[in-house]
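Residue numbers (the UniProt record's numbering), protein chains in the order written: chain A, 1 to 207; chain B, 1 to 207.
Keep in mind the hints are simulated off the structure, nothing from the lab. Zero decoy hints are in this set.
Which copy is meant is left open, because identical chains are indistinguishable; a pair holds if it fits in one copy or across any two.
Capping the alpha-carbon separation at 25 angstroms, the derived lysine-lysine pairs in BS3-like fashion look like this:
{"no.": "1", "residue 1": "149", "residue 2": "74"}
{"no.": "2", "residue 1": "149", "residue 2": "175"}
{"no.": "3", "residue 1": "202", "residue 2": "77"}
{"no.": "4", "residue 1": "97", "residue 2": "149"}
{"no.": "5", "residue 1": "4", "residue 2": "28"}
{"no.": "6", "residue 1": "77", "residue 2": "33"}
{"no.": "7", "residue 1": "149", "residue 2": "94"}
{"no.": "8", "residue 1": "74", "residue 2": "4"}
{"no.": "9", "residue 1": "94", "residue 2": "200"}
{"no.": "10", "residue 1": "77", "residue 2": "203"}
{"no.": "11", "residue 1": "94", "residue 2": "202"}
{"no.": "12", "residue 1": "200", "residue 2": "97"}
{"no.": "13", "residue 1": "77", "residue 2": "149"}
{"no.": "14", "residue 1": "97", "residue 2": "188"}
{"no.": "15", "residue 1": "97", "residue 2": "74"}
{"no.": "16", "residue 1": "47", "residue 2": "74"}
{"no.": "17", "residue 1": "33", "residue 2": "106"}
Protein chains: 2
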Amino acid sequence: MFKKKVIIIEDQDDLRDSFELIVNGTKKFRVLKTYIDGESAVAEVHKTLPDIAMVDLELPGINGIETIKIIKEKSPKTECIIVTVYDDPNLVFKALKAGAAGYIIKDANYLEIIDSLIQLDNGGAPMSPQIARIVIQNFHINEDSPLSKRETEVLELISEGKSYFQISEELFISKDTARSHIRNIYIKLNVNSKSAALAKAKKDHLI
Amino acid sequence: MFKKKVIIIEDQDDLRDSFELIVNGTKKFRVLKTYIDGESAVAEVHKTLPDIAMVDLELPGINGIETIKIIKEKSPKTECIIVTVYDDPNLVFKALKAGAAGYIIKDANYLEIIDSLIQLDNGGAPMSPQIARIVIQNFHINEDSPLSKRETEVLELISEGKSYFQISEELFISKDTARSHIRNIYIKLNVNSKSAALAKAKKDHLI
DNA sequence: TTTAACTAATACAAATTGGGTGATATTATC
DNA sequence: GATAATATCACCCAATTTGTATTAGTTAAA
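Whole structure, please, built from the sequences with the hints as guidance.
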């Protein structure tokens, strides 16, 4: 069986070498090439077409997130996994948006790293526990919402792109009542437009 | 050390018994009580205050998602994990919104189930590989967006709740130009309001 | 019983949208 | 190099939506 081709993009020499040793110590994976920055990796990714790319977030030149974006453009089948010290939620979400299929923290031991590659290979999405928690908490709806049940219902319809009139029809209330609810939502969320209400709702996990 | 208290809510007798055996076979966890439906579990959850609740999705009476919502209300510290045969993305997202900290597929073997409990205990978010992939793909941005780079930029500002004028200021363009972009976005997305554009963008993972 | 929520209505002002039109400069793409 | 797409800016008008303010009856919950 062919081994899965892995590239490693990591500017720290010691880590890059460690990762290479770990990966090459497996039966299923082998390191095709390692890179010290994103530019050199993306320059030839259309030729290397790796199965897996292990990418550091903090890189000289273009960062890991940009690197992943370009890799996914030039070689869509390459599964990218972020390997970093940062567990800032914003970075996590940016990486996932860019197309990362996994995100692990650098203090993971070599077994966890190998396990991540295996998970990737099995169609999974390897994440360190704290990252998985960040991701999953992003979905949780805030129970301490300042909105009433009805207002939450209206807000959900707003998030579906419904107009005043459409909302009133959907809830079997008058257009004016729908507007009343929306106005109360605005007051409670301290906003003054549907899109701002949605932005606030998203930020506070209200819907 | 105290063992973590686990409750199991599962209507199928054989599965419920299996789970109980598996959990009680560990050193760290013990089954406090098992339930055949959500009602009976939530009726006493304020007293049992379990550390972990394993919840089936398909239950007689209230379903697993409703059950989780109530559990999280009455005992916020209880970590809920869905154990089900369903891997429908909509159900997954609903469960996560309701407050589930994990989601595993029933065909998981007993080792995976134990591992999930351990992950939960370690602050992780246990998910079967295919579920993790569903969750993570929900973040990925569609590369085949019909929108131009600039239009995507504008759409992002809309998603932040910005008005025409605020967008024009942010991008150092005139209000009319911002309007042009927004109008072009509407045409491409086949919508006619900001919130509808956001709904469509969310659906198609454009931002 | 007091409060909060839901409902409904009226009215004016502001913002947004739909439709059209035209133009220039830059960038990609072929 | 030519063509197409994109980004920029500007103006018009009419219709709709939305924002804001205010009032008020009914119902549900604390």
